Amino acid sequence: DGGITQSPKYLFRKEGQNVTLSCEQNLNHDAMYWYRQDPGQGLRLIYYSQIVNDFQKGDIAEGYSVSREKKESFPLTVTSAQKNPTAFYLCASSIDGLANEQFFGPGTRLTVL
Amino acid sequence: GQNIDQPTEMTATEGAIVQINCTYQTSGFNGLFWYQQHAGEAPTFLSYNVLDGLEEKGRFSSFLSRSKGYSYLLLKELQMKDSASYLCAVRGNYGQNFVFGPGTRLSVLP
Numbered sequence: 001d002g003g004i005t006q007s008p009k010y011l012f013r014k015e016g017q018n019v020t021l022s023c024e025q026n027l028n029h030d031a032m033y034w035y036r037q038d039p040g041q042g043l044r045l046i047y048y049s050q051i052v053n054d055f056q057k058g059d060i061a062e063g064y065s066v067s068r069e070k071k072e073s074f075p076l077t078v079t080s081a082q083k084n085p086t087a088f089y090l091c092a093s094s095i096d097g098l099a100n101e102q103f104f105g106p107g108t109r110l111t112v113l
Numbered sequence: 114g115q116n117i118d119q120p121t122e123m124t125a126t127e128g129a130i131v132q133i134n135c136t137y138q139t140s141g142f143n144g145l146f147w148y149q150q151h152a153g154e155a156p157t158f159l160s161y162n163v164l165d166g167l168e169e170k171g172r173f174s175s176f177l178s179r180s181k182g183y184s185y186l187l188l189k190e191l192q193m194k195d196s197a198s199y200l201c202a203v204r205g206n207y208g209q210n211f212v213f214g215p216g217t218r219l220s221v222l223p
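Heads up: the protein sequence lines correspond to chains D and C, in order. Under this note's numbering, read the first sequence as residues 1 to 113, first letter to last. Under this note's numbering, read the second sequence as residues 114 to 223, first letter to last.
No lab work stands behind these hints, which were simulated from the structure alone. Please read these numbers as outputs of a predicted model, since none were measured by experiment. By construction, the Cβ of each residue, glycine as well, lies at the ideal position given by its N, Cα and C atoms. There's no promise every hint is true.
Not the full set, but computed from the structure, chain C residues with beta-carbon under 7 angstroms of chain D [as the list claims (entries may be wrong)]: (1) Ala155; (2) Pro156; (3) Phe158; (4) Tyr161; (5) Asn210; (6) Phe213; (7) Gly214; (8) Pro215; (9) Gly216.
One chain only, chain D, in its complex shape (with noise of 0.2 angstroms):
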């Protein structure tokens, strides 16, 4: 089965630790994108990557940071910069960057106490 996986689903972080959100998708998509979901508000775009070893920053790329070394894998590093890190991040991917549907990862919710 093809899709997009993302681990843990839930993660839990001191203040001031930078943690790492995984992202893995075997659909051979060349872009994939990090979004960052806040209660009563829409997906804000973090940083994208339209194909291997180049991204781009989005809206909100402070205090975060990517790699994609590999077309299937897209992590997403929460530094300590980013003031307000607590939120439900949801990685996807599309064939390419003129595609119009993203297929996205069931989530992460990070919680930094």
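We have chain D already, so just place chain C on it with the hints.
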């Protein structure tokens, strides 16, 4: 700038019809998208409009008026499982990333 508005919450009765509106202001336009998201889950794609008019897909239809910056999602024969948030998203220029609205939380009551 880019701005997308949707009602925050709506309530409807099982078997009824409900219309969820979305208004947008974006620099450039290359498509409007509707996604469904159940609580705590990933959004799933519902529909795509790039030309004015109505697109029908089973119980769901989506309408677009580009001149008015307006779209709606129409859900017919509502079922309890339709209780979810409905996200409106717009792509500005071709190839640009999507901008999502805040979502409308729909509750379907028996």
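Right, here's what the structure says about each hint:
no. : hint   : in the structure
1   : Ala155 : 4 angstroms, holds
2   : Pro156 : 5 angstroms, holds
3   : Phe158 : 5 angstroms, holds
4   : Tyr161 : 5 angstroms, holds
5   : Asn210 : 6 angstroms, holds
6   : Phe213 : 4 angstroms, holds
7   : Gly214 : 5 angstroms, holds
8   : Pro215 : 5 angstroms, holds
9   : Gly216 : 6 angstroms, holds
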